[in-house]
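A.B. asks: Listed here are the chains, written in short residue letters.
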Amino acid sequence: MLELINVSKTFNAGTENAKKALSDINLKVEDGDFITIIGSNGAGKSTLFNAISGAFPIDTGKIISDGEDITYLPDYKRAKFIGRLFQDVKTGTAPSMTVEENLMLASGGGNWLSIGGKAEKNALRERVASLGLGLEDRMKTPVGLLSGGQRQAISLLMATLNPPRLLLLDEHTAALDPAAAEKILEVTERTVKENNLTCLMITHNMSSALSLGNRTVMMTDGRIIFDTSGEERASLTVDDLLLKFKANSGKALDNDRMLLS
Amino acid sequence: MEFGDILSIIQSVMELGLISSLTVLALFLSYSMLNVCDLSTDGCFTLGAAVGAVVALSGHPYLAIPAAMAAGVLSGFVTAFLQTRMGINSLLSGIIVNTGLYSVNIAVMGGASLLNLNKTDTVFTKMKALTENSFLSGWHKVLVAAAAVVVVLVFMVIFLKTRLGLAIRATGDNTEMVRYSSINPVFTTTVGLCVANAFTALSGCLLAQSQKLADINMGQGIVTVALASLLIGGTIFSRGSVKVRAIGAVVGAVIFRLVYALALRLQMPAYMLKLVSAVIVIIAIFIPYIKKQYPTLAKRLFRKKEAGNA
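Chains A and B supply the protein sequences, listed in that same order. Going letter by letter, the first sequence gives residues 12 to 272 in our numbering. Going letter by letter, the second sequence gives residues 324 to 633 in our numbering.
I should point out that these hints are in silico values taken from the structure, not numbers from a laboratory. Quick caveat, the model's predicted, so the values are computed rather than measured. Just to be clear, a hint being listed does not mean it is correct.
Claimed, not checked - Straight-line C-alpha distance at most 20 Å; calculated EDC-like pairs for lysine to aspartate or glutamate:
#	chain 1	residue 1	chain 2	residue 2
1	A	Lys91	B	Glu499
2	A	Lys101	B	Glu499
3	A	Lys91	A	Asp77
4	B	Lys484	A	Glu111
5	A	Lys88	B	Glu499
6	A	Lys39	A	Glu242
7	B	Lys566	A	Glu111
8	B	Lys484	A	Glu131
9	A	Lys194	A	Glu205
10	A	Lys31	A	Glu41
Just chain B, same shape as in the assembly:
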């Protein structure tokens, strides 16, 4: 392998890992903190990509970012509203919103299922122009992604320390206790999902701009991929403050991409990505479960054996 190859692999791993880590941070908020498995993530990711692409195509690559995030907030609000005000189970409301977003996303893209940004200015092309001929040349995509991750990470860590952030964490931990602290869990759930989905949409927006492509299917399965990354980060940084765990989420996303890139090098077909992430999620959730169950299980097996011998 040439040095140039390795460098480009590293750059691509960093770029894709960091961009997807924004979705992982979103799940860190909704799944780890709020204890809601937000299945609208796939659709929201594509929504961010679609809105970002459309706004970028209209000549506003920077405006594309807040626009995509605002769309994400709206999507998160609908998901939260369904589960807190309309009595729809939280998993189901995610699935419903996800389904609805498929139509919304195509509508946003003007009836097309694919938008091409090849000749459009994006935040990445802007950065490329800035770093051209400097020592950073070639790193522009990583730079933009890293900047976004740092901003979101700092926001997340500070946000979770505020009273609102504490209330969101407590909602996932003990909803009853939140009520007794005279805080409405409906409010905290709504805010948590709005913020999380803003980051998911940002993630989609950046991926569309970096790939110069928004595709109706680009978010498919991203919730499992992000969950796998989150759980990988969680096993490495299992004990630690919220700050450490949030950083762990980002590291997990990059590790996931790295392993995936290595697997591709070893001739794993690209379409295996989703199966691999599904298996990772299963293993990561199963291991703590079996650890907890093992003592009882062992006893039962052991006793059966003894009874057999007697």
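The following block holds chain A by itself, in its conformation from the complex:
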């Protein structure tokens, strides 16, 4: 379970450019929740993820994960139990290292001086095969030579190799071509289901925001303006969402990508 209590963050505080990126965010994520997050450009969706994963210290508030206060935990320590994928497919992998080496690093088995043996390599190969992308025959290929979709699939596998308490997906299919995006989304859904992961996903695709997961959160100006789940959510359409947005934020949704898709 993840809980954000009164989390606020202002960038460039005290200057003319001060921007309140997160404003008194309260969010309780139950175990097994799959929450989709939508909102206009600059609404604070990615900032929310950065706060959760510890990319910067928050100004006020608390972040609690499974009862543990992680507000001041450095990002690399949070990464032990928070997996994250980005829109930029280059973020999650080391390009000049092979698929196998990337995965061995992520698997984190053994101590610092351990060398991955045959058993570990075979196990990793099987996990890669389970992605269903045929990448198991390219274990010795440097990741930088793979396509964007393939890289993102490897990143997803790396983030979930040891099932994290929380998986953050930051528009992780937005930079892919439609076919690859669909494939990665399918793999994502399957991975989340198989491992029973708790997951937050930022998306610009309104229909997948409603069809994926069990809860949808809408953000604007660093605030959560709408949070829906259960039957209410099941009856919502994309048009309803757009109306809700206008009603709650007082302006029309201006995410260009969102409107075009």
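Starting from the structure of chain A, add chain B where the hints point.
C.D. replies: This is chain B only, laid out in the frame that chain A set:
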């Protein structure tokens, strides 16, 4: 040229090439793997020579080797600490440590800028005594250097396969990704620089013992010489596993020494060594750059021409 001359040139090329290849392997770790250009290499090389010479003079030629390496680890740790914990740019921290080491090195040598090991037992004289009257006589320096290189090479190849080694490689490749794999890049950078500098110091220690001399200026410019060797090896073994590339670093160092020895034979003055290595480094880095830039450059030139004709 007499056969004896050729043999002694080969021996000297092998000896100096192999000893300097330890510094090249150090840069292979810090520059190629960790993506840090460690400019403290010059000072650290001399530090290894100074510590090695002082310990050898006290009658412990074998102990001189771990002592020099420990000094190198310490120097690498300081360089890493400056850039990871004190917010000093990585190039600058290397330069700062290099400057500081000048004083440290003279202090280590007891205030002298030169130590003579002519009458001292070294690992090389020990090996000479061992191989005397055998078919290996005369090869003792090459043997010691080769043994050191084999040990370091094997260590390096295995080390880079461990989880820690993978993490160090990933740190140079994509620091963000290392953080997301819940590994602290500060830790990997520190370990990488400590290990690399241990080998640089070992290199200096062995050179001092083989030349029977530790001189405050003996490390000057070694970073450029080693970088030139590394890049020569890199162009020959550009595509390959880490193992192949590490071997390439050693081959590059020997080739560099060979070319240098040939140039000396052709009456190139010895003081040209550093200029030559500087030019090699420039060319080796410039060629891949221009290859990448050429298409745009060609287009721009071509279009200008067309516009001129029209």
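A.B. asks: Does each hint fit the structure? Answer for all of them.
C.D. replies: The hints, checked one at a time:
For a cut-off of 20 Å, the pair hint linking Lys91(A) to Glu499(B) stands: about 14 Å separates their Cα positions. Restraint check: the Cα-Cα separation between Lys101(A) and Glu499(B) comes to about 10 Å, which is no more than 20 Å; the hinted pair holds. For the hint linking Lys91(A) to Asp77(A), the alpha-carbon distance of about 13 Å falls within 20 Å, and the restraint holds. As the CA atoms of Lys484(B) and Glu111(A) are separated by approximately 11 Å, the hinted pair is consistent with the 20 Å bound.
The straight-line distance between the Cα atoms of Lys88(A) and Glu499(B) is roughly 13 Å, inside the 20 Å bound, and the hint therefore holds. With a C-alpha separation of about 19 Å, the suggested pair Lys39(A) and Glu242(A) falls inside the 20 Å cut-off, and the hint holds. For the proposed pair Lys566(B) and Glu111(A), the alpha carbon gap of about 16 Å is at most 20 Å, so the pair holds. Between Lys484(B) and Glu131(A) the alpha-carbon distance is near 14 Å, which keeps this suggested pair within the 20 Å criterion.
Under the criterion of a C-alpha separation no larger than 20 Å, the hint pairing Lys194(A) with Glu205(A) is consistent with the structure, at around 16 Å. The hinted pair formed by Lys31(A) and Glu41(A) fails the criterion: a straight-line CA distance of about 27 Å is larger than 20 Å.
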